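Chain residues, written in single-letter form:
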Amino acid sequence: MPVSYRHIIYIHFPYLAASRIQRESGQSASGQRASGADLPLVIIRKMNGADIIVAGCARAAAHGLAAGMRLADARALCPQLRTEACDPLADHADLHHLALWARRYSPLTAVDDQHCGIWIDIAGAEHLFGGVRSLLADCAKRLHRSHFRAVLAVAPNCGAAWALAHYGKPSERLMTAPKPTDGQPETIKYIFSRARLRRHLAALPLAALRIDTAIADHMRRAGLRVIGDIIGLARAPLAARFGQDVLLRLDQALGDQDESFTPVSPPKPLYICRQFAEPIGAADDIKAMIQQLASETAILLQQAGLATRRLRLGWQLVDGLVFAHDVHLSRPSRDVTLFHRLLANASDKINPEFGLEMGWMESLDCSPLAPRDTALPHMILQRHNGVVGESYASLVDRLVARLGYGAVVRLAPQACWQPEAAQSLELPDPSQIFTKTDEKPGWLGDPASGTAPPRPIRLLAYPHPVDVVALLPDHPPAQFIWQRRIHKIIHATGPERIAPAWWQAPAGSRTRDYFRLRDDQGAGFWLYREGLPERHETPSWFLHGFFA
Amino acid sequence: MQRMNQPISIVKPSDFRVPNNQIINEKKTYDLARLRQEIAVADGYNKRLHIPLGVDSLDQALAGGLALGRVHLLTGAMQAHGAVSGFAMALLDLLHHHARLKAKLATNRQTAITNDAGLIVWCPASQRNGAGMLYGHGLAAAGLDPARLLIVDTPNPSRRLAALDDILRTEGLAAVVMEYDGVQKSADYWMRLARRAQLAAEDSGTTAFLLGAPIGVSGFETAWHIKPAVDLDRWSHSALVQRSVWDLTLQRARGGRPHKCKVGWQAGLGQLQAYHHSIMANGKPVQAELPIGELSASKWPAHALAR
Chain A
1 MPVSYRHIIY IHFPYLAASR IQRESGQSAS GQRASGADLP LVIIRKMNGA
51 DIIVAGCARA AAHGLAAGMR LADARALCPQ LRTEACDPLA DHADLHHLAL
101 WARRYSPLTA VDDQHCGIWI DIAGAEHLFG GVRSLLADCA KRLHRSHFRA
151 VLAVAPNCGA AWALAHYGKP SERLMTAPKP TDGQPETIKY IFSRARLRRH
201 LAALPLAALR IDTAIADHMR RAGLRVIGDI IGLARAPLAA RFGQDVLLRL
251 DQALGDQDES FTPVSPPKPL YICRQFAEPI GAADDIKAMI QQLASETAIL
301 LQQAGLATRR LRLGWQLVDG LVFAHDVHLS RPSRDVTLFH RLLANASDKI
351 NPEFGLEMGW MESLDCSPLA PRDTALPHMI LQRHNGVVGE SYASLVDRLV
401 ARLGYGAVVR LAPQACWQPE AAQSLELPDP SQIFTKTDEK PGWLGDPASG
451 TAPPRPIRLL AYPHPVDVVA LLPDHPPAQF IWQRRIHKII HATGPERIAP
501 AWWQAPAGSR TRDYFRLRDD QGAGFWLYRE GLPERHETPS WFLHGFFA
Chain Z
1 MQRMNQPISI VKPSDFRVPN NQIINEKKTY DLARLRQEIA VADGYNKRLH
51 IPLGVDSLDQ ALAGGLALGR VHLLTGAMQA HGAVSGFAMA LLDLLHHHAR
101 LKAKLATNRQ TAITNDAGLI VWCPASQRNG AGMLYGHGLA AAGLDPARLL
151 IVDTPNPSRR LAALDDILRT EGLAAVVMEY DGVQKSADYW MRLARRAQLA
201 AEDSGTTAFL LGAPIGVSGF ETAWHIKPAV DLDRWSHSAL VQRSVWDLTL
251 QRARGGRPHK CKVGWQAGLG QLQAYHHSIM ANGKPVQAEL PIGELSASKW
301 PAHALAR
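Protein sequence lines correspond, in order, to chains A and Z.
Numbering (my numbering) for the first sequence: 1 to 548.
Numbering (my numbering) for the second sequence: 1 to 307.
Here chain A stands alone, though its shape is the one from the complex (with noise of 0.2 Å):
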């Protein structure tokens, strides 16, 4: 019975493995490069005592080297090779990931974790992007552009479009598909109508069907090699002597017999919803109702083993206005005297007007409570007699409920020699309160640097203009006024000249000549000259710091 016409798209991965290990590799050996950067890579397998390849890159599919190869034959076929055991748990997170991406398409995208590929059935789909043709160009794209190298396969069945993408030869018709740069073929094939699915199957090979290899090797005995030699054949003589399995595998491909597959289903949000029966809108039920959502968010947590980071507070107006109001927290938790606390000023920030009628609670940014972040705190309070972990991280939780999520801040250094481009205002993290990285530049006026230039301890946002007196051409100031005062100085250090780096600073931006300066009252400034006399600029002054 002709089943109802459907499209189903196979994308196959074949260098899953090995593109996530190359990405490993060039993380990790950031400085130097890999040895065997260069070489072929397999993946292998122990299996009853040999090592088998399961998986390989381009270049070791451009030697020839194939699954099921065994390491020693591989070997022998090329000299100098790179293997990499195998990590099935890494393959599937990997193929999940990309089934859960592959929701854009269709919400039924399911994961095929033994051949490397994803199913995605867009049928009902495919007006979203102007058609199925446009939907595999975009969806050819977006994984170009990833450097995922695949294959995609478009049928009316599960089983032809499996066969399509693996033993299938390029589709002669294609149009704006990206082309892979190393010489491989297009990856896009596709079958339309069922009537050129018979032709186009049957050149394919036995093992196109999905069937045993043991048996697909009787079969090539038999004189039976590819899909089209037994497609005219009777059936019951086929079932008896290679098994119905066959028949099955042939019905599927041909779409005789239907095939579904179960449809990954994506994390739920945590999510607790709130609606009332009458609007609310007195404070106190308001603070209640948060209360309660705070409390359940909590439990819910604690069930599903999780900690959150964010906490998004929303509430629907009786007119269908829908407002949200977002908790930062600064370490994963899920304590709900925490919640309460950061939530105990969100209810001045609902506005009732003619009352509330549901309130939700969701909870953002969850990761699993590892272990590891429980004992950080003790391990801060063993190494260090200065804050507590754990009180630190409801400092900066406090503080940033209290006045914003950029309030709190740290400084850090950056290797500029522009003043004001020398430090950035960074988010504190708590996991790093004490410790120093090497690879991040030091401050200037650490002891240990030796002569280090004479720094302000606080700087201008944006220097004031000041008027100045000085010698020409280069002295510094003999006295300047700064918010109608004059200032007599006594003493000058300098100049500096700090230039802005030609290659990437924007035009007008001049070299400046720094003097640090006393003036008669004892006050310590940080002033500079734009403008230098040797090239003829008329020269401007500047105050920018503040010594102490």
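The hints are simulated quantities; they were obtained by calculation from the structure and are not laboratory data.
Each hint should be verified, as a subset may be incorrect.
Unchecked claim - Below, in silico cross-link-like pairs of lysine to any residue (SDA-like), each with a Cα-Cα straight-line distance of 20 Å or less:
id, chain 1, residue 1, chain 2, residue 2
1, A, Lys169, A, Arg225
2, Z, Lys102, Z, Ala174
3, Z, Lys262, A, Asp520
4, A, Lys268, A, His96
5, Z, Lys227, A, Arg485
6, A, Lys349, Z, Ser158
7, Z, Lys260, A, Gln521
8, A, Lys349, A, Val318
9, A, Lys349, Z, Arg159
10, Z, Lys227, A, Ile481
11, Z, Lys185, Z, Arg159
12, Z, Lys227, A, Asp520
13, Z, Lys227, A, Arg484
14, Z, Lys227, A, Gln521
15, A, Lys349, A, Leu338
16, A, Lys349, Z, Asn156
Remember, predicted model here, so these are calculated numbers, not experimental data.
Position chain Z against the provided structure of chain A, taking the given hints into account.
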């Protein structure tokens, strides 16, 4: 809270010189002061832990030194941003030095102490008002490791000030520096803030410095007025030694009396130094002013010219 089990060694006999140069009975005064201290300890009044500042006259005026676990008020002249921040940094350096000494004595080890200093929460004034943000390179040169700082950068001064007693309730901080640069608040507001902040600081043992409140406010532990002063000894030091000199006026001190003095501070010493004019002529300091022509390029240190 621990008590300083030291006798009052700050009262040195040589400091007692009244204007007509009569040395009064030193031993009697010393014993009297020590007796007072012991009675105060026995009575439980002397609950505050004091850190000596290093300048004897100042420590005397403060009745022991800078009180830990309290809120101190620092104010400065209109444009003396650097001086007030510098004095706050000097006091933080003192606290750090004291904590290290305490740790060393507690563990009784002569080997290198861990450099793990406590966290300092600094809430600078908003950048629009002309004081500027703290600059890590300068702080590091002045001896304060910027990695110890947690900066609360928020433009609204009232909200920043309102967060003070919340911050003071955290245990384990080394110090808190809060700057206020907003509109005038009523005396009532300051009194209430002072009371709340002092209670919170006493509970958690965190020392706090409040910069920018009006000087007339009572309720804080000490009230200072800081003015920068000229360092006439500058030319006898090498160019690399950075010393700051301030004119300090201790206007109010709980348990002490007002005092005025001139102190100098260098990074790393762990204490303030009494500043005396080294050049005296007829009892008056000599204003060593170099004519401007002296500051010509040829006299400047080579490393500055090499750029």
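Hint check results:
1. A:Lys169 to A:Arg225: Between Lys169 of chain A and Arg225 of chain A the Cα gap is close to 17 Å, so the pair holds against 20 Å.
2. Z:Lys102 to Z:Ala174: holds (13 Å)
3. Z:Lys262 to A:Asp520: holds (16 Å)
4. A:Lys268 to A:His96: holds (15 Å)
5. Z:Lys227 to A:Arg485: Roughly 16 Å between the alpha carbons, so the hint for Lys227 of chain Z and Arg485 of chain A holds.
6. A:Lys349 to Z:Ser158: holds (19 Å)
7. Z:Lys260 to A:Gln521: Answer holds: Lys260 of chain Z to Gln521 of chain A is near 17 Å, not above 20 Å.
8. A:Lys349 to A:Val318: Holds, at about 17 Å.
9. A:Lys349 to Z:Arg159: holds (16 Å)
10. Z:Lys227 to A:Ile481: Roughly 19 Å separates the two Cα atoms, so the pair holds.
11. Z:Lys185 to Z:Arg159: Holds - the C-alpha atoms of Arg159 of chain Z and Lys185 of chain Z are around 13 Å apart, at most 20 Å.
12. Z:Lys227 to A:Asp520: holds (12 Å)
13. Z:Lys227 to A:Arg484: Status holds; Cα separation ~19 Å.
14. Z:Lys227 to A:Gln521: holds (8 Å)
15. A:Lys349 to A:Leu338: Holds, because 19 Å separates the two Cα atoms, which is no more than 20 Å.
16. A:Lys349 to Z:Asn156: holds (18 Å)
Checked against the numbered hints listed earlier, the structure breaks none of them; every hint is satisfied.
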